[in-house]
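Engineer: The opening position of the sequence shown corresponds to residue -15 in this note's numbering, with each subsequent residue numbered one higher.
One thing to keep in mind: the hints can contain errors.
No farther apart than 27 Å at their CA atoms in a straight line, the calculated lysine-lysine pairs in the DSSO-like style are these [said to hold, decoys possible]: (1) Lys125 with Lys86; (2) Lys86 with Lys144; (3) Lys104 with Lys125; (4) Lys96 with Lys28; (5) Lys(-6) with Lys42; (6) Lys139 with Lys(-6); (7) Lys8 with Lys125; (8) Lys42 with Lys139; (9) Lys141 with Lys86; (10) Lys139 with Lys104; (11) Lys42 with Lys144; (12) Lys42 with Lys125; (13) Lys139 with Lys96; (14) Lys42 with Lys86; (15) Lys104 with Lys86; (16) Lys96 with Lys141; (17) Lys(-6) with Lys96; (18) Lys125 with Lys(-6); (19) Lys8 with Lys104; (20) Lys96 with Lys86; (21) Lys141 with Lys104; (22) Lys96 with Lys125.
Rather than coming from a laboratory, the hints here were simulated on the basis of the structure.
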Amino acid sequence: MLNAQGRRDKQSAIHAQYGYVMDKDSLTGGFMAKAGYSRVMGDKGFLGKVEGFYQDYKITYLDNQILPYQKYGLSVSAGYSYEGLSPVFINGWLGAYGAFEKANDGNQNDPKFSAEIPAKISGITYGLTGSAEVEVMLTRKLSFLVDYTQFYDLKSKFSKSNYAFFGGLKYYIN
């Protein structure tokens, strides 16, 4: 049975989602997973969340070389939810993240010419993130999530921008 009730102040939830990073410019698609904790802040539709994530895809390097690329990190986001379509909620999120990235499986030399890659192939990166999310309440405590998430890397030499489509579940703790 669907839940027709909106969210309550200080309501908390945990979520897990799996997604596909789409092909774009110099990157080849792959997968991404994220899991986190969210909280309702007040009764005006404001939300907050903390999320851990892992990305695994491929990037194009000089002379059309394809290098594996992984990134895992933590993001913090603020959001707003439109609840007028309850039991369907439309959520928007904006935030920032910090992550550890690794290109070419940590090998400093490229696979085609064995030439040294001039940029550091692993290290800390950071950026901005935003999501548009549809949440469908399945029961009073469980909902289904579908979202589009965009990442803008501000420091990486290998990955500047990517996006992914996700599906997952959210469980309301209280």
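Engineer: Decide, hint by hint, whether the structure agrees.
Structural biologist: Evaluation of the provided hints:
At roughly 37 Å between alpha-carbon atoms, lysine 125 and lysine 86 are farther apart than 27 Å, so this suggested pair is violated. Under the criterion of a C-alpha separation no larger than 27 Å, the hint pairing lysine 86 with lysine 144 is consistent with the structure, at around 14 Å. Restraint check for lysine 104 and lysine 125: not satisfied, since their Cα atoms lie roughly 45 Å apart, outside the 27 Å limit. Between lysine 96 and lysine 28 the CA atoms are separated by roughly 55 Å; this puts the pair beyond 27 Å, and the hint is violated.
Between lysine -6 and lysine 42 the alpha-carbon distance is near 40 Å, which puts this suggested pair outside the 27 Å criterion. For the hint pairing lysine 139 with lysine -6, the CA-to-CA distance comes to about 35 Å; that exceeds 27 Å, so the pair is violated. Taking the CA atoms of lysine 8 and lysine 125, the gap is near 36 Å; set against the 27 Å cutoff, the hint is violated. Using a Cα cut-off of 27 Å, the hinted pair lysine 42 and lysine 139 holds, with the two alpha carbons roughly 18 Å apart.
At most 27 Å may separate the alpha-carbon atoms for a hinted pair to count; lysine 141 and lysine 86 meet this at roughly 11 Å. Restraint check for lysine 139 and lysine 104: satisfied, since their Cα atoms lie roughly 11 Å apart, inside the 27 Å limit. Only pairs whose Cα atoms come within 27 Å are accepted, and lysine 42 paired with lysine 144 is accepted, the gap being roughly 13 Å. Taken as a hint, the lysine 42 and lysine 125 pair is broken in the structure, with Cα atoms around 37 Å apart against an allowance of 27 Å.
Of the supplied pair hints, the one linking lysine 139 and lysine 96 holds, its CA atoms being roughly 26 Å apart against a limit of 27 Å. For the suggested pair lysine 42 and lysine 86, the alpha carbons sit about 11 Å apart, so the restraint of at most 27 Å is met. With a CA separation close to 9 Å, the supplied pair lysine 104 and lysine 86 stays within the 27 Å bound. Of the pairs offered as hints, the one joining lysine 96 and lysine 141 holds, with about 19 Å between alpha carbons and a cut-off of 27 Å not exceeded.
The hinted pair formed by lysine -6 and lysine 96 fails the criterion: a straight-line CA distance of about 54 Å is larger than 27 Å. Of the pairs offered as hints, the one joining lysine 125 and lysine -6 holds, with about 14 Å between alpha carbons and a cut-off of 27 Å not exceeded. For the hint pairing lysine 8 with lysine 104, the CA-to-CA distance comes to about 22 Å; that is within 27 Å, so the pair holds. About 18 Å separates the Cα atoms of lysine 96 and lysine 86, which keeps this hinted pair within 27 Å; it holds.
Proximity of lysine 141 to lysine 104 is assessed by CA-CA distance (about 8 Å); at most 27 Å being required, the pair is judged to hold. The straight-line distance between the Cα atoms of lysine 96 and lysine 125 is roughly 52 Å, outside the 27 Å bound, and the hint therefore fails.
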